[in-house]
Amino acid sequence: MTDPRNGAPRTTPIQSATFSNPVNAEIRRAAATGIYDIRGGGAKRKLPHFDDLLFLGASMSRYPLEGYREKCETSVTLGTRFAKTPIQLDIPVTIAGMSFGSLSAPAKEALGRGATLAGTSTTTGDGGMTKEERGHSNKLVYQYLPSRYGMNPDDLRRADAIEIVVGQGAKPGGGGMLLGQKISDRVAEMRNLPKGIDQRSACRHPDWTGPDDLEIKILELREITGWKVPIYIKVGGARPYFDTTLAVKAGADVVVLDGMQGGTAATQDVFIEHVGQPILACIGEAVRALQDLGLHREVQLVVSGGIRSGADVAKAMALGADAVSIGTAALIALGDNDPRWEAEYNALGTTAGAYDDWHEGQDPAGITTQDPELMRRFDPVEGGRRLNNYLRVMTLEAQTIARACGKNHLHNLEPEDLCALTMEAAAMAKIPLAGTDWYPGKPGTSY
Amino acid sequence: MQTLDMAEVALREMNATLHAQAETSNQTTWEILNPKGAHAIACGLDAPIEVTVKGSTGYYCGGMNKQATIHIKGSAGPGVAENMMSGTVVIEGDASQYAGATGHGGLLVIKGNASSRCGISMKGIDIVVHGNIGHMSAFMAQSGTLVVCGDAGEALGDSLYEARLFVRGSVKSLGADCIEKEMRPEHLALLADLLERAGATAKPEEFKRYGSARELYTFKIDNAY
Ligand SMILES: Cc1cc2nc3c(=O)[nH]c(=O)nc-3n(C[C@H](O)[C@H](O)[C@H](O)COP(=O)(O)O)c2cc1C
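Residue numbers (our numbering), protein chains in the order written: chain A, 274 to 720; chain B, 5 to 229.
FYI, nobody ran anything at the bench for these hints, they're computed from the structure.
Please note that a few of the clues may not be correct.
[Claimed, not checked] Coverage of chain B stretches by chain A, computed from C-beta distances (three or more under 8 angstroms per stretch; other residues unrestricted):
| no. | stretch |
| --- | --- |
| 1 | 45-53 |
| 2 | 66-72 |
| 3 | 162-176 |
[Unchecked claim] Here are the simulated DSSO-like pairs of lysine-lysine, each with C-alpha atoms no more than 27 angstroms apart in a straight line:
| no. | chain 1 | residue 1 | chain 2 | residue 2 |
| --- | --- | --- | --- | --- |
| 4 | B | 185 | B | 207 |
| 5 | A | 468 | B | 185 |
| 6 | B | 176 | B | 207 |
| 7 | B | 207 | B | 115 |
| 8 | A | 404 | B | 70 |
| 9 | A | 357 | A | 522 |
| 10 | A | 522 | B | 40 |
| 11 | B | 77 | B | 58 |
| 12 | B | 115 | B | 77 |
| 13 | A | 501 | A | 357 |
| 14 | B | 70 | A | 501 |
| 15 | A | 319 | A | 715 |
| 16 | B | 58 | B | 70 |
| 17 | B | 115 | B | 212 |
| 18 | B | 70 | A | 357 |
C-beta: ideal position from N, C-alpha, C; glycine also.
Could you build the full structure based on these sequences and the hints that come with them?
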């Protein structure tokens, strides 16, 4: 590099890794507007994840199953601990709770349709149960959230399971937001709020404070529903060992654990990127807690946060989860962030794949909106078909891997089937680093 | 009058019996003996029956009530009548925290005092407290009416939405976005009706009204100075 003024050699200008262009742009944006960035989705930074694990496959010491022919079961039963009617699913991939309000009613309907076709469950979300999703979901999990928007005993009794939401991976310790653009008449009425306000959902439950109270709350919910349906407790990936232990102590049938990659409808970016642990670091700890209580597999563990493929499903299950749940991936399957809307994403100042201003309610794909015009672009029947296809592909992929590992049920996948590609993944998941029999912190080793 | 003695009948059996009372039932009055602070008594009722609990209750008595009238002849533990939809719950003694939390409808009457977070996140319920209420009451209260014949503790009505609050005595402090508001004839009429239904002798004119300043209703997207 030479100085254009006099041709003298000079150092190449170097961008700072610390003060990178996106960082500086954010500083300028904050300086201009005085407000923090709110967005949807999960953590965008690179994190240790399932990609850092590999399956070993069968060889001399393991006997594989025939890829297409031999049986490899995928069913799972959730809620066997106390509930009279546990939930039976054909596949271990469930649809995570996403609120009506953040999503349009047709999008919720599509999630129900797709899940039902694939033989799995879907979940309500903040804002209550819509008749569309109840009608189109064979198995519907009803979320019991701090806000209690739309919460009523009739819907509670219409549910196939109840999920008490303590936290979410995207924002452990945070409540929800739904900005005024999305508070349509119907959303406002269901939530009992004035139309068009920027709504906050509480971060704490209003009528219990700790696990001892929660145990009594669960007693009440069981009494009201006649001890029939399973009760899940959903926690964000904060302190998975203790959170799981306390959830079990409080009486959960199922623990739902959501890592920091998990999506959200709207939260501060700083929260999404800086609070919580990646799911890879959480699963082993939750499993250890269940094992220490002697309840692994008796209290089922459902994990989520950045699950995209059958490989991710298989890895989560090999680490000890009973099932997984998906949010973001389901929305993408429905058509969220599809490049076919690129011109419109550009008009919103973004690009397909990066669109995350879901809270603004201008989703070109008609999914994260309450705008009747945009909603009309989305066909719930077609959406349901696409979601079903995607869920089937994930299941086939997970089966392919399980068969290659010699397993006739996805549940038989185990940590011994895995190795880790990085030291971080090895340490977090307690899976040996590839080519070794060691991971950092392995008992009996001094590292 | 049917009697359920909790010294003999398990909670599950008792609630199941009460849940089985369809609208057509002629067993409309029930008495529960020996509650001894048990939790989840008479929760999830959905019939126009009358239940009298002879003693004090634990957590969540009358939780999610619909239609039923429940009298507690004692004091009530946390979360009494939480998420009530309709009907009436009357407590002769005091109520612990979160009384009437998230209630969507019906009337909750507390003849003694209520502890903290009374009417938290209420969504349409009417609550009348003959005595005082504790701190953080009506936090994020969305709609419905809270009437306090005595005093209110700290941070009354913090982050309030459209619920109406009436306090006769002193208010230790108002929470964020909660302000005193003008008492208009319609408010006096509303109060008169609620006081009467709750069997309280206070006069509507003696109360002050509090409500939302509505300053927190929108995030100030253009927050720039
Ligand atoms: C649009 C959207 C809305 C959501 N709404 C809720 C909600 O109402 N309640 C809740 O517990 N989690 C909510 N979540 C989180 C999901 O339930 C789930 O934890 C998360 O999406 C899983 O991670 P994934 O998106 O990487 O699959 C939402 C997520 C998204 C993407």
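How the hints compare with the structure:
1. Coverage of the stretch 45-53 of chain B by chain A holds [criterion: at least 3 residues with CB-CB distance below 8 angstroms; count 3].
2. Interface restraint, the stretch 66-72 of chain B with chain A: holds (3 residues with C-beta to C-beta distance below 8 angstroms; minimum three).
3. Counting residues of the stretch 162-176 of chain B whose CB lies closer than 8 angstroms to any CB of chain A gives 3, so the stated coverage by that chain holds, three being the minimum.
4. With a C-alpha separation of about 18 angstroms, the suggested pairing of residue 185/B with residue 207/B holds against the 27 angstroms cut-off.
5. Our distance criterion of 27 angstroms between C-alpha atoms is met by residue 468/A and residue 185/B, whose separation comes to about 22 angstroms.
6. For the hint linking residue 176/B to residue 207/B, the alpha-carbon distance of about 21 angstroms falls within 27 angstroms, and the restraint holds.
7. With a CA separation close to 16 angstroms, the supplied pair residue 207/B and residue 115/B stays within the 27 angstroms bound.
8. At most 27 angstroms may separate the alpha-carbon atoms for a hinted pair to count; residue 404/A and residue 70/B meet this at roughly 21 angstroms.
9. Only pairs whose Cα atoms come within 27 angstroms are accepted, and residue 357/A paired with residue 522/A is accepted, the gap being roughly 19 angstroms.
10. Taken as a hint, the residue 522/A and residue 40/B pair is honoured in the structure, with Cα atoms around 24 angstroms apart against an allowance of 27 angstroms.
11. A distance of roughly 5 angstroms separates the Cα atoms of residue 77/B and residue 58/B; the hinted pair therefore holds under the 27 angstroms criterion.
12. At roughly 10 angstroms between alpha-carbon atoms, residue 115/B and residue 77/B fall within 27 angstroms of each other, so this suggested pair holds.
13. With a CA separation close to 5 angstroms, the supplied pair residue 501/A and residue 357/A stays within the 27 angstroms bound.
14. Note on residue 70/B and residue 501/A: the hinted pairing holds, with a Cα-Cα distance of about 20 angstroms set against a maximum of 27 angstroms.
15. The straight-line distance between the Cα atoms of residue 319/A and residue 715/A is roughly 25 angstroms, inside the 27 angstroms bound, and the hint therefore holds.
16. About 21 angstroms separates the Cα atoms of residue 58/B and residue 70/B, which keeps this hinted pair within 27 angstroms; it holds.
17. The suggested pairing of residue 115/B with residue 212/B holds, with an alpha-carbon distance near 20 angstroms, which does not exceed 27 angstroms.
18. In summary, the hint linking residue 70/B to residue 357/A is supported, as the alpha carbons are separated by about 25 angstroms, within the 27 angstroms threshold.
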